[in-house]
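Residue numbers (full-length UniProt numbering), protein chains in the order written: chain A, 1 to 344; chain B, 1 to 370.
Treat the hints with care, as some may be off.
To be verified - Simulated restraints, written as ranges between beta carbons of each label pair:
| hint | chain 1 | residue 1 | chain 2 | residue 2 | range |
| --- | --- | --- | --- | --- | --- |
| 1 | A | Ala99 | B | Ala159 | 46 to 56 Å |
| 2 | A | Asn33 | B | Ala117 | 40 to 50 Å |
| 3 | B | Glu157 | A | Ala99 | 20 to 30 Å |
| 4 | B | Lys367 | A | Asn33 | 54 to 64 Å |
| 5 | A | Ser337 | B | Glu157 | 22 to 32 Å |
| 6 | A | Ala268 | B | Asp141 | 50 to 60 Å |
| 7 | B | Asp141 | A | Pro109 | 18 to 28 Å |
| 8 | A | Ala139 | B | Gly204 | 28 to 38 Å |
| 9 | A | Gly110 | B | Ser152 | 51 to 61 Å |
| 10 | A | Gln191 | B | Lys367 | 53 to 63 Å |
| 11 | A | Ala99 | B | Val223 | 22 to 32 Å |
What the hints assert, rightly or not - Heads up, incomplete: computed chain A residues facing chain B, CB under 10 Å, no partners named:
| hint | residue |
| --- | --- |
| 12 | Leu164 |
| 13 | Leu174 |
| 14 | Glu175 |
| 15 | Pro197 |
Hints in this document: simulated from the structure, not taken from any laboratory. Ideal placement from N, C-alpha and C gives every residue a C-beta, glycine not left out.
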Amino acid sequence: MAFDLEIRAADWRAHLAATHAALPGLVPVVKGNGYGLGRQRLAHEASRLGADLIAVGTYEEAHELLGSFLGDVQVLTPWRPFLPRVADPRLVHTLGRLADIPALAQQQPGARVVVEIETSMARHGFDRHHLAEAARAIAEAGLTVEGFAMHLPMTGGNLDEARLWCAVLEASALETTTVFCSHLTLTELEQLRGERPNLTLRPRVGTQLWLGRLDTLAVRATVMDVHTVQRGERIGYRQGRVPRAGHVLVIAGGTSHGIGLEAPRAVAGVAGRGKAAAKGGLAAAGLALSPFTIDGKLRWFAEPPHMQASMVLLPEGAKLPAVGDTVTAQVRYTIASFDTVREI
Amino acid sequence: MSLHVRTIGPDQHLAFVASRGSASFLQTPAWAAVKGEWRGESIGWFRRDELVGVGLVLYRQVPKLKRYLAYLPEGPVLDWSGDVAEALDAMRTHLKANGAFGIRMGPALVTRRWGAATLKAALADDVLTRLGDVPADHTDDAAVAVADQLRSLGWKEQAAEGGFSAGQPKYNFQVPLAGRSEDDVLAGMNQLWRRNIRKAAKQGVEVTTGIREDLAEFHRVYVETAERDHFTPRPLSYFETMWDAMTAEDPQRLRLYLARHEGDLVAATTLVQVGTHAWYSYGASTTAKREVRGSNAVQWQMMRDSLAGGAEVYDLRGITDTLDTDDSHVGLLQFKVGTGGEAVEYLGEWDLPINKPLYAAFTAYMKRRG
């Protein structure tokens, strides 16, 4: 109990239930670090919501969660012959290349598959001109088609592109009416459902579901030590000089928790780019803002975070926490790792 | 260099086309005579002394200069699975020596095909507005790869907006005949086509083939069609030249079909055949007596004759890539889809500039001319 996550369980679950109710056909996505909350916890919550299917990122994750989730498990990473084999009747593979069709059928006759199309994301999936050929090959190979998948980008309106892929599906020889999609708003989904009543749209949702109400989550970092320092005093692994008199707080939460790691942020606009550039400049000067809020403000690191703790400067005059107190921290949940996750 | 290109005679050119089974009629020596305003040349690719490819080159002169755009419509006739770079390099050397400032060609390679069922579903769908958006029933990866190769060799694909504006159409419609009987072909058509064919027969429409002298009668109906459909008709002399040049090469190369109802000519068409490939080329119909369905009758007769004449493909030629039911061009596709055939996408037309400033000036000039 040092760098911990607190979930206001009742409110968080109310949000999960509301999202589940608002998005018919919802497929909870449980992948990576479980959005900071842990895969097992999310798989358990998906069961509690009554989900018949969850989507995971990798075969390793699928292997783990088939044991804790009773419904079907879809793997988002397209099947490749070199990926670990997980043979389970509840597993649904993603197919994205012609060459993989006979190979998968050979490894697992009759396997259940979702056919992914290459959208403007240009990440995985069949070229649309190969879709008819894929449909033929899948039928010949005796695989079971469970749906069609389109992974759409996050920016701008996706409706036009989603419409196109639905039309493409219907003009193809693929024998399915289920469409798995991502990043469509509720309005967009409803519009599309109205236009294509014969298709079953199943939104795959991760962030919006698990992290849709960040106010129900709080990161509590425990103050492990407090030292008084003078201006110019040398401290830390790197023996840098303290720029101002005050206190150095040693707070639980270091690189092993994801502190100090920064996923590149999507920066849009001139102001955003300016801020990013300014931050980069400060970082180059050895100064970086920490994610810890103490006495109402984000505080500066005294030096780069250590593996399990961070040294943070608190200038004179600020309200000083005591050893054992907790402070809050802002983290990117998809790269965070907590010592404990507590429901309150 | 082991592969080289040189001028060949029409007989050698023709013999090679015959040995290949077929080639576009725009790649036969006779076509040079049809396109009298362009200078034509038959070229051959030789590996040592063996002829391995041919092409019909039409030279279009730059105004006031002795420099030319060398154009190979729907050609050349080459083994595109071989060493494309070597073959094209040999062609460039030859054409450059003949005063070409640039080369334009349209390899007759089919990259994608869409069957009638797919087209029907796509036409019924408002969202699918371009053929290119529809999953093709067949994709020829080797042909698609040739496009990448051409690009890497410095060739530029000519933008064919809607598939029609540039030289030869990129999208075409074909009825496969290989291994099919008349009954099979008829059964593949939609109900409307079959009904119209039956109707024409019941009304007593008679389809006959004509001789050179009948071209004048064809032309009269063709001019009427041009007025109705707002295109500029070609003069009768164009068809007479075409007749003379093509039938001289092979009496069966060009045929004229005339559909009559109670003595009145109601529809007239021309059919071209090179080996196993037959093309419906020009069509005309009167406004009067449309209800006797002369157009369907004449098409059906051409299909039957093509089949009997050993054709494996009946080609209804260009379509646009539009599937938008608000676009007037879509009617053409709907009409052709009724035959139960398939839409095919060709590799398109490609340009290789040899003299860049001249090529740029020429393309600008052509754009201004529209």
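Against the structure, the hints come out as follows:
1. A hinted range of 46 to 56 Å is violated for the C-beta pair Ala99/A and Ala159/B, which are about 33 Å apart.
2. Distance hint check: the CB atoms of Asn33/A and Ala117/B are about 47 Å apart, consistent with the given range 40 to 50 Å.
3. Separation of Glu157/B from Ala99/A is about 28 Å and conforms to the stated range, judged on CB atoms against 20 to 30 Å.
4. Checked against the hint of 54 to 64 Å, the C-beta distance between Lys367/B and Asn33/A comes to roughly 57 Å, which is consistent with it.
5. Under the hint 22 to 32 Å, the C-beta atoms of Ser337/A and Glu157/B, about 51 Å apart, miss the expected range.
6. The hinted range of 50 to 60 Å is not satisfied by Ala268/A and Asp141/B, whose Cβ atoms lie roughly 39 Å apart.
7. Distance hint for Asp141/B and Pro109/A: a CB-CB separation of about 27 Å, consistent with the stated range 18 to 28 Å.
8. Between Ala139/A and Gly204/B the beta carbon distance is about 48 Å. The supplied range of 28 to 38 Å is therefore violated.
9. Our hint of 51 to 61 Å for Gly110/A and Ser152/B is violated, since their Cβ atoms are close to 42 Å apart.
10. The beta-carbon spacing between Gln191/A and Lys367/B, approximately 41 Å, falls outside the hinted interval of 53 to 63 Å.
11. Distance hint for Ala99/A and Val223/B: a CB-CB separation of about 56 Å, inconsistent with the stated range 22 to 32 Å.
12. For Leu164/A, the shortest C-beta to C-beta distance to chain B is roughly 6 Å, which falls under 10 Å, so the interface hint holds.
13. The interface hint given for Leu174/A is met, as the beta carbon of that residue sits about 9 Å from the closest beta carbon of chain B, less than 10 Å.
14. The interface hint given for Glu175/A is violated, since its Cβ lies 14 Å from the closest Cβ of chain B, which is over the 10 Å cut-off.
15. For Pro197/A, the suggested interface contact is broken, since its CB lies about 14 Å from the closest CB of chain B, more than 10 Å.
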